[in-house]
Amino acid sequence: MKILITGAASTLAKEIITALGAGHQLRLMDEVAVEPQENVEAFQGSLLNQDDVWTAVRGMDAILHTGEPPPNLSEEEQARDQQLLDLATRGTHQLFKAGVEAGIKKFVYGGTLDIFRSYSDEVYISELWKPLPDPDMPEMSRYLGEHTAREFARDFLVTVTGLRLGKLVYEEEVAGQTPDLLWLDYRDAAQAFSQTLTRDASDQAWWTARWAMYHLCADIPNPKYLINQARGMGYQPTHNFEANWSQDGGLT
Amino acid sequence: MKNVLLLGASGLISPYIIPGLETDYNLKLADIKPHPDGIPVDMVDVRDYDQVLEAVQGMDAVMNFTVLRHDETLSFHVNTWGAYNVMKAVAATGIKKVIHSGPAQTLDWYKHDMEIPVDAPHAPTTDYYFITKHLSNEIVKSFARVHQIHTVCYLFQGLTHRPTERVTKQSVRDFLIIYDDLVHACKQGLELESVPDYYQEFNLHSHYGPKKYSLEKAERMLDYSPQENWWEYQSRTP
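Sequence lines, in order, name chains Z and R. Residue 14 in my numbering sits at position 14 of the first sequence; the count goes up by one each step and never skips. Residue 12 in my numbering sits at position 12 of the second sequence; the count goes up by one each step and never skips.
Derived from the structure by calculation, the hints contain no laboratory data. Because the structure is a prediction, the values reported are computed rather than measured. Don't be surprised by glycine CBs; every beta carbon is placed ideally from N, CA and C. One or more of the hints may lead you astray.
Claimed, not checked - Derived list of chain Z stretches under chain R, where covered just means 3 residues or more per stretch with a C-beta under 8 Å from a C-beta of chain R: (1) 82-93; (2) 138-152.
Claimed, not checked - Pairs of lysine to any residue, SDA-like flavour, derived with a Cα cap of 25 Å: (3) Z:130 / R:123; (4) Z:130 / R:196; (5) Z:97 / R:69; (6) Z:97 / R:129.
Just chain R, same shape as in the assembly:
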């Protein structure tokens, strides 16, 4: 099994995808805070290059799910400087696979458009979350190109559990991914042999219904698709 470092293991996303990934990978969990369920986690601060360099030793791939959204200082330090440290450590140790993550950089600017492709030009605005993650994308892209690191960047905006019962009189959200689907996407990304130009971004969500954010690229290059027809849970007729 591949050794995979998961940075941000105690955050808002990772605790829900770890169970689905640890069956197929030797996961090394890392964060600056304890896991909410008490699972052992290595204390690694992505702002500290030496800590990151130590954490990536012996890994085949790195998943960077760290994020700090709206703090005027920490957003730059975690999202931007953190991404730099991760990619620098990855390059220094010869690791050839990275999964990076962030929000879609098209949310506000293309708010009134439909069928928005993932490769629409970034429009991060000056919002701390979006600009710092956009800057991280530029850093990751540069390291990936120069050091030939096959890197995928997953963009999503909201995650949730699989539905268990019908919901009526509610539209699905346009950019929401169910954890089971994210697990599937991570596996696909980790197994992808090569990434064109060493860096590609992918919209990831779980619903074909609204047709606002295109999944075409993820389907074509990652063989990604929602694992169930979640739409049926919100069908008007049972």
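Here chain Z stands alone, though its shape is the one from the complex:
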């Protein structure tokens, strides 16, 4: 499959490339130059530039839109917030619109589980719960990007999958730390992105079948964020922070 991966300079994208393996033709897109790799095409461009987006989607079969911002964001808060919002909303719209017009059928968007942090840790959260995003831009922008992506499943005969990601870490890098209900290992997140490519609902008459949403977290003893729905598409996290949870008593 020919796959465009956005936010390609991010750690998440690097793990997705590894998870996809050698069986695909990959095009990596980011605003900064991405280190070229064997059999992988790198494309430096912005989601906010229509010409760049058109070039990026041409000839592709699927788009894995990680939602990860480029590393060259402004250091000034107001400018950075505007960049994040513009990339997540207008950038996602521009990317998916070009993709639809280029004949691409599979789209994946990387959102965040942060939008449920307002709920008490005493509840079990599934995809059926209403998000309560805070206005903080890193969280709000990912939420709005998800809404933007979803509408393409409503309007067009394409498969759009939203992945709400927990807090991305490497298991070995948080060894000894107090565990976090939101932790998700980069490698497991990457595994899920890869698995979404098997989803094909483009010919479904009902838009609710063309759109799907999955929550992604580690498989921990007593989770706040349930991952049963993702298990249904084959998600099996292998980095579950057992050492952190056993040290903590396992039921925090």
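Mind docking chain R on chain Z? Use the hints.
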């Protein structure tokens, strides 16, 4: 009198409601372009947070009637980013009342339905106008909840002057509001002491006839109703 900032004062709506509001409120008018009648307007671009922050100083309430409908870039910048700047400035200055505005997010998706409640799930589609305004609704809702800003969002689809003579052989439009009614709704919204969950949306129109878009919520929570029986102007018999 309350100090009220009206953003979008020179647009397609505000010039027609300002005369009805300025008798009861100290209006501060703001836009990026001059008022069509030459009324002084502060130049405020909602895309510029510093300008918005300066404009909201000393205000008791803010009415955001800015909109850019179908431009692929400006619709995001004015409708979505603009809404973010307005709510951020409102939160930063402790203002507790906002009137936001937008189109009903049910127009296309529920096109063949009747008695459509205002709280039907949004179905904005990918249309620039609807998706960018929908995203603004999510932003406004979040700021309202987190910062306890009592916020009403008025949804309408078409505005017009009060009728002055009978019209025959024409149906009224299903979602059209007469400016006098919008003035009434704005006053009701500005005087509303509290808003459940800090954010509520209201269908607003002027005709009970077609029974397509429900006004029940506006009647119940805002004590809104059309100011005259406009229907009579289109009665088959005089």
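Structure-based check of all given hints:
1. 82-93: holds (count 6)
2. 138-152: holds (count 7)
3. Z:130 / R:123: Judged against 25 Å, a Cα distance of about 16 Å means the pair holds.
4. Z:130 / R:196: At roughly 17 Å apart (the allowed maximum being 25 Å), residue 196 of chain R and residue 130 of chain Z satisfy the hint.
5. Z:97 / R:69: Holds. Residue 97 of chain Z to residue 69 of chain R sits at ~18 Å (cutoff 25 Å).
6. Z:97 / R:129: holds (15 Å)
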